[in-house]
Structure formats: structure tokens, C-alpha cells
Amino acid sequence: SKKIEYQFGELLCSIFPTLILVAQMVPSLSLLYYYGLMNLDSNLTVKVTGHQWYWSYEFSDIPGLEFDSYMKSVDQLELGEPRLLEVDNRCVVPCDINVRFCITSGDVIHSWALPSMSIKLDAMSGILSTVSYSFPTVGVFYGQCSE
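Residue numbers (UniProt numbering): 1 to 147.
A few of these clues could be false.
[Said to hold, decoys possible] Below are the DSS-like pairs computed for lysine-lysine, each with C-alpha atoms no more than 25 Å apart in a straight line: (1) Lys72 - Lys120; (2) Lys47 - Lys2; (3) Lys47 - Lys72.
Hints in this document: simulated from the structure, not taken from any laboratory. Since this is a predicted model, take the numbers as computed values, not measurements.
Starting from the given sequences, assemble the full structure and let the hints guide the process.
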């Protein structure tokens, strides 16, 4: 009699957590699928490669448009430019269109971030991380490596 009670208790302790995990998995998979489709629907693709001390940008939809972006040193800054954020070549993208950023690294682990837009993606060698974003307004949004 006690053995049957224990087996029933073990069965409940196995089935109940499994049902909770399945209930969490179904919405997560649908969101992942939707996010994957959203990344396919982009008007412009920018490949971002992190290197030690600089970023490389390549616009794959515009042949030949690629450049490196180095942070300006203190002696290169003009009055009013923010220290540790201003670069020599800014990445300019249009607003109100879906831009896909494909982020990777050429050497060590980096983290490409646009804090004012709440975007942060890890850049690792051999792995391509993607994010799609539509900039709602025209402006200068400072990015940084946050790792």
C-alpha cells in the first residue's frame, strides 16, 4: 500500500514539472520562429566584425561599401565630441527601414552595443549573431564594445 502511494507521488513529481516545461516551450518556440522570420525581412544588411580596438562594417547590399571604424584619440576630438564614443568613420544607416545587422568577431569576444536603442549582441569568432532594427528617428546613436 505504501509502495503504491510512493509510486503515485513519484509519478506526479515527474509529470507535473514536465507539463510546466512543455507549457513554457510552446510559446518560446513560436516566438523564436517569428523572430527568425522577422530577420529575413530586411531592406538593408550590414555585416559588423569586431576587432581589437576597432569595428569593420560591410554593407552586403551595396557592393564595395566597407570601412573600418576606429575610436578617436583625445587629441583628435573636436570641442563637444564625446570622449571614448566618437569614431573616425560613422556607420550611417537610413531610418524607417528594417536594417539587419550580422555581428561576428575577427579575434576575441566582443559585444556590439547601441545602448540608446537597447541593442546588445555578443560577437564571437565563427558565430554570426543577427538582429533586425528599424531606427525610428534621425540622429547620432553612439555604439560601443561593452565587453
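Comparing the hints with the structure gives:
no.: 1; hint: Lys72 - Lys120; verdict: holds (22 Å)
no.: 2; hint: Lys47 - Lys2; verdict: violated (64 Å)
no.: 3; hint: Lys47 - Lys72; verdict: holds (22 Å)
Comparing the model with each earlier hint shows a violation of hint 2 alone; every other hint is respected.
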